[in-house]
Amino acid sequence: MARAVAGKSLSAEQQRYLEATPQRFVTIMREELSWENLKPMYIEIYRDSFTQEEIDGLIAFYQSPVGMAFVNKMPIVMQKSMTSMQARMQPIMEKMKAATRQALEDAKVAK
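Going by our numbering, the residue at position 86 of the sequence shown is 86; the numbering climbs one at a time, nothing skipped.
The set of hints was computed from the structure by calculation and includes no laboratory data.
Predicted, not measured: the structure shown is a model, and the values here were computed from it.
All residues carry an ideal CB built from backbone N, CA and C; glycine is no exception.
Some hints could be false.
As the list claims (entries may be wrong) - Here are the computed distance ranges between Cβ atoms for each label pair:
| no. | residue 1 | residue 2 | range |
| --- | --- | --- | --- |
| 1 | Asn37 | Gly57 | 22 to 30 Å |
| 2 | Gly67 | Met93 | 34 to 42 Å |
| 3 | Ala103 | Met74 | 26 to 34 Å |
As the list claims (entries may be wrong) - Dumping the calculated DSS-like pairs for lysine-lysine here, alpha-carbon to alpha-carbon at most 30 Å:
| no. | residue 1 | residue 2 |
| --- | --- | --- |
| 4 | Lys95 | Lys80 |
| 5 | Lys97 | Lys108 |
| 6 | Lys39 | Lys95 |
| 7 | Lys97 | Lys80 |
| 8 | Lys39 | Lys80 |
| 9 | Lys95 | Lys108 |
Given only the sequences and the hints, what does the whole structure look like? Please build it.
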């Protein structure tokens, strides 16, 4: 949005409209990604992917102490996983940049 209005003079009213946009995005996301809207999709996916016996087993697992621990600890596991992957991506990106530079050099293409 900043690029769309770069260099343009905005009135106070125009600025208020633009400043309200992120909240509109949040509202749209909350509505569209609400459980009420997503539940039918997940039911269909699970119905197409699992037998009733498997669903019953999953329910039993998630109701067990181990299943409950799994659910409670997964946010921490996901957070740690994302942090670790971000740390790993930096050296990978540097290697990819170096490979791109080398390919341009090998092909004798101006940088």
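Going down the list of hints, with the structure as the test:
Separated by about 27 Å at the C-beta atoms, asparagine 37 and glycine 57 satisfy the suggested range of 22 to 30 Å. Here the CB-CB span from glycine 67 to methionine 93 is close to 38 Å, well matched to the stated 34 to 42 Å. Here the CB-CB span from alanine 103 to methionine 74 is close to 40 Å, at odds with the stated 26 to 34 Å. Simply put, lysine 95 and lysine 80 have alpha-carbon atoms about 24 Å apart, close enough for the 30 Å limit, and the pair holds.
A C-alpha spacing of about 16 Å is found between lysine 97 and lysine 108, which places the hinted pair at or below 30 Å, so the restraint holds. Restraint check for lysine 39 and lysine 95: the C-alpha separation of about 42 Å exceeds 30 Å, so the hint is violated. With a CA separation close to 26 Å, the supplied pair lysine 97 and lysine 80 stays within the 30 Å bound. The suggested pairing of lysine 39 with lysine 80 holds, with an alpha-carbon distance near 28 Å, which does not exceed 30 Å.
Our distance criterion of 30 Å between C-alpha atoms is met by lysine 95 and lysine 108, whose separation comes to about 20 Å.
In this structure, the earlier hints numbered 3, 6 are contradicted, and the remaining ones agree with it.
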